[in-house]
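Colleague: Read off the chains here:
There are 6 protein chains.
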Amino acid sequence: MNNLGIVKRNITRADRTAVEQLSHFGVATIHEAMGRVGLLKPYIRPIYTSAALCGTAVTVLLQPGDNWMMHVAAEQIQPGDVVVAACTTDNEDGFFGDLLATSFKARGAVGLVIDGGVRDVKDLTAMNFPVFSRAIHAKGTIKATLGSVNIPVVCAGAQVNPGDVVVADIDGVVVVPAASAQKVADAARAREANEGDKRAIFASGVLGLDYYKMREGLEKAGLRYVD
Amino acid sequence: MNNLGIVKRNITRADRTAVEQLSHFGVATIHEAMGRVGLLKPYIRPIYTSAALCGTAVTVLLQPGDNWMMHVAAEQIQPGDVVVAACTTDNEDGFFGDLLATSFKARGAVGLVIDGGVRDVKDLTAMNFPVFSRAIHAKGTIKATLGSVNIPVVCAGAQVNPGDVVVADIDGVVVVPAASAQKVADAARAREANEGDKRAIFASGVLGLDYYKMREGLEKAGLRYVD
Amino acid sequence: MNNLGIVKRNITRADRTAVEQLSHFGVATIHEAMGRVGLLKPYIRPIYTSAALCGTAVTVLLQPGDNWMMHVAAEQIQPGDVVVAACTTDNEDGFFGDLLATSFKARGAVGLVIDGGVRDVKDLTAMNFPVFSRAIHAKGTIKATLGSVNIPVVCAGAQVNPGDVVVADIDGVVVVPAASAQKVADAARAREANEGDKRAIFASGVLGLDYYKMREGLEKAGLRYVD
Amino acid sequence: MNNLGIVKRNITRADRTAVEQLSHFGVATIHEAMGRVGLLKPYIRPIYTSAALCGTAVTVLLQPGDNWMMHVAAEQIQPGDVVVAACTTDNEDGFFGDLLATSFKARGAVGLVIDGGVRDVKDLTAMNFPVFSRAIHAKGTIKATLGSVNIPVVCAGAQVNPGDVVVADIDGVVVVPAASAQKVADAARAREANEGDKRAIFASGVLGLDYYKMREGLEKAGLRYVD
Amino acid sequence: MNNLGIVKRNITRADRTAVEQLSHFGVATIHEAMGRVGLLKPYIRPIYTSAALCGTAVTVLLQPGDNWMMHVAAEQIQPGDVVVAACTTDNEDGFFGDLLATSFKARGAVGLVIDGGVRDVKDLTAMNFPVFSRAIHAKGTIKATLGSVNIPVVCAGAQVNPGDVVVADIDGVVVVPAASAQKVADAARAREANEGDKRAIFASGVLGLDYYKMREGLEKAGLRYVD
Amino acid sequence: MNNLGIVKRNITRADRTAVEQLSHFGVATIHEAMGRVGLLKPYIRPIYTSAALCGTAVTVLLQPGDNWMMHVAAEQIQPGDVVVAACTTDNEDGFFGDLLATSFKARGAVGLVIDGGVRDVKDLTAMNFPVFSRAIHAKGTIKATLGSVNIPVVCAGAQVNPGDVVVADIDGVVVVPAASAQKVADAARAREANEGDKRAIFASGVLGLDYYKMREGLEKAGLRYVD
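Residue numbers (numbering that gives the first Met the number 0), protein chains in the order written: chain S, 0 to 226; chain L, 0 to 226; chain G, 0 to 226; chain B, 0 to 226; chain R, 0 to 226; chain D, 0 to 226.
Next up, chain S with everything else stripped away, as it sits in the complex:
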């Protein structure tokens, strides 16, 4: 009836080539390429400015004040994975620190996204292990209650399935469903090519009003210029 206490070992990860391609784009570009969906809420922030990651999701459902499942998740990590941790309730305790980061890194993880708190931020920064979290908090956790690993979770307002592609940078975190990874990568590439042109055009002084041909629409909507 419920899916607590479960670890799914075999998950279908997004295609490696598509993941690699997605790693070249920013979060905003990928979000646009998906049709403006897939973002986590903006309260998830990088613990250091240059943090960025792109990988396939190993999901974790935590209980408040308890990081037992982070240890269970470690074993399920494969090279190129990002751990995505949700919690059954709002909680900012420090579920993750330098020891777990060392363990995750040893397994090949490329980062962590967590709707909770983390600690040992100085060490994590020195390790260059990218973490996107809800809070920084030294509060320790226990190991007493089961959650799950590799079930679908809701993390900071976004549905994440194990194997989905997770991309994060200073603009936020976006989730690309595994099955759409290649299509989104293609759309992102098309969009980015297009952007490059635009930047030069706008730098030359051309206005978006003219470039995007907005004047007629604005007039129709009733915009009035007054002096």
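Rather than coming from a laboratory, the hints here were simulated on the basis of the structure.
Wrong hints could be hidden among the right ones.
Since the list gives no way to pick one copy over another, a pair counts as held whenever it fits inside one copy or between any two copies.
[What the hints assert, rightly or not] Result set (DMTMM-like, lysine to aspartate or glutamate): computed pairs, CA atoms no more than 25 angstroms apart in a straight line:
| # | residue 1 | residue 2 |
| --- | --- | --- |
| 1 | Lys-212 | Glu-194 |
| 2 | Lys-104 | Glu-74 |
| 3 | Lys-40 | Asp-226 |
| 4 | Lys-7 | Glu-215 |
Values in this document were obtained by computation on a predicted structure and should not be read as measured data.
Assemble chains L, G, B, R and D onto chain S, guided by the hints.
Modeller: Showing chains L, G, B, R and D alone in chain S's frame:
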């Protein structure tokens, strides 16, 4: 690639008998019967104290400041449905008021759960139309951008699929997957029978420490009584 | 250079007839009649469910933890006025209680809107003195620093000028510039007449999709119905 | 080194007579009588409008998502006590419901103040068991980690020692140190007598400006009246 | 009746010399020089630590999730302007990114203050284009509803008129009315001269208690020193 | 009856040797060594990334919008002290800037922890004076109302007594009671030695599941591995 701009007409609603059975239990009981999952975040509150509902979900994904999809959703309502409205971003505008409520009611809707704002609260209360919302806000909305109807949504931190059972009362809102409705109803019934007995026992002065046999566990955990 | 320490005695209040007319409409209706502007932020809530008011603004700019200016404002109140209190910084202290309410009422005030805290809520409710506030908080305040009375203020995100019409009910608080009061009252009346018809139509089962002729626009925008 | 895992059985409760006297005053009055200290933060709200309590504190320190200590606390309750529950971290789970309320009531408790969530609010209201909480949330809790009972705690920003007097009503919650209970009761009585007179005076139209002789101070501070 | 859908082309910008002078002072100094008013709420933060700006306001009123008016505003920018964007409701979508920044810069804008979200923060930082915002969020926006340009707006709690001077640094954002710019610049200069002396004095160990002659006032207020 | 308006001159500071020893450990380590208590809430953040401090507390209780007591506190500072400032209500005004920092530094203070706002952040950073605050805000304060110095305070949810050891770094702020300083330093040392070993072990690929022997406990709790 994305599922914006879609209205799914045929959805599989949870079994009517199970829904009817679930309507007899409180949100806390159902949440426990599900293994302590399925709750929306507690910022979703009833607009009047006695508001309560139980029905099958018609889901809506809204755009900020835009209630166009609420009108599209109205047509998909069948008697006994609850409209569950999510938004692509945090927004507290008044997406819903007495006219939409009249329309929803005419279609047989039994209430609304919305991760956004509502208005005309005096009228909604007089109509006895139960609404659970993120905010009360008179702010009007436009009708300009497509969202979707009857796709899976994340509403206030919970995944809701069209056809799922949604139960709400003063304690909050819980979502029961359509496929588990009967099992959860059975578990809730078992749990409630059990609670009735307990209340009399505790009223007589028996302590939970003794009734639940907690003393040994507490001692083992190291609890010390001092004077 | 600044306008702290000022009490403006002569202010131009909105036309009494227009104010009276506005008192018959809800906040949502007036907000719509104004073209969807003029609302205070939704964190301003009534201290009791049935609280409602309509009157002309006497404005106050408070300092944090200091209600000296509330006493200065009392003297400027004329029958039919609403005191609108802003603060130079976010503060939830209890700037107002039953004694000030008694004083305000004796001067003819019809209510208070305050971007701060209030106390003696049981008494205020018994007096049926409508208050819309940011918080309920017993915290006492001092009388040490000058603010101002009857200067333009920003209260909960809205610009309020002395003499403006302030209307508040369970849906929120709206400010109508004094000069527009009659026009807004007229527009509100037109709108409300219109709403009455609509309610009967929607109750009969007509959909907003048809009544507002939305189907073509939705199709053009690309809405797809799937099974 | 730390005081987790401790239950103090013998605590010095405030004098019964003083407690009884304090029960006649509102929270705002007592807070003023104490010199404007002792309040909990205003996010602690009654679960029903008429909830009010006055009693001696049995304190509890909870762990997030864990209500084990509430059961331990039940045994320490004596008639006239109020349970005051703090948590080692911010957490809104439903630590308390109708069964614990039944147990607390059987022991003579007069209410609960909790910096966390509660559930079964309909039942608690029907039982007329006053609860002041941070949230209403159906989320269930576990019984796995030790906190403490009857140690000094910080609850919603206020220091509470076991045996202190806790008074709560719609204006908030105030804590009176046990040793000061009689002095505060006396000061509250003096203050209240004084208030009664004032209300009649202000109702007659006398201004606070004159009654409190504020005009000279305002002028000295530089207040300017303009037209 | 309302001022949506308006673009005012001719605005009176603050005197250039005064603006230049104000650019030499910090936000705290200017705020003090104005008599402690004019600040935006502190949730507006720079997107990178060294961001700072001083210029004349081109104001924009946005609709939630819609950045159409940002393009309209671009055309109204003159060299030395700061775009100040408010929204009709609380919204954290990414209204602004590197392309608009390129366009704004081409027109001579010296920065952006926005009560909303922005994205492309890495690019904006590389461009050294100072932005002060409510949030960083990759969420894209549409172009469908009219707001206004160069009308008075309330941005993060402060009234801003087109042409006002806006100064921002790591301490926050302050608005100087155009008509007061020179007076405020003079007052700021006087204040800063004064501060320079003070720093050396305090560094030498002189206490504020003595320098500001506070001891008598404190004693009069009743301060007691105990051992 | 209350302890406002008091300055305690003689306080018992924690043993210097213990303080020096504690300065070598991170906040998370010390919090764990204390049994997972003692942390301030995580909304207290450093004003620059590398800020860190360890010293003995001089406590201050401020009134909202008033920094008079900061000047009184300055005189009580001895070399090695950290000023810990609480407020009688939530307030984010800029109570502290470069002049007070200069004064504090001249007295030997090693930093500030404040449940309020600060300003002149650029200067404070240049001075390398570590500050941990609730907000950055340019808002100026007055000097009108008494608080206290060196009384027990609640700062950001933690009880702080004068003389306690306060340690802060990027992970947060922890308070060690003066009497426990040496014991906590010893426990922290033991813990840290232990951590060093662990990091190498986890880097080699050993899992926490095995190292901490969690597999049996997880199985007993009912964890199921599925494919």
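Colleague: Does each hint fit the structure? Answer for all of them.
Modeller: Hints and how they fare:
In this homomeric assembly, Lys-212 and Glu-194 come within 25 angstroms of each other (Cα to Cα) only inside a single copy, at 17 angstroms, whereas the closest approach across copies is 37 angstroms. For the identical chains of this complex, Lys-104 and Glu-74 are intra-copy neighbours only, at 11 angstroms inside a copy versus 48 angstroms across copies, given an alpha-carbon limit of 25 angstroms. With identical chains, the CA atoms of Lys-40 and Asp-226 are never at most 25 angstroms apart, being 41 angstroms at best within one copy and 31 angstroms at best between copies. Only between protomers do Lys-7 and Glu-215 lie at most 25 angstroms apart by alpha-carbon distance; the minimum there is 18 angstroms, versus 55 angstroms within a single protomer.
In the structure shown, a violation is registered for the earlier hint numbered 3 alone.
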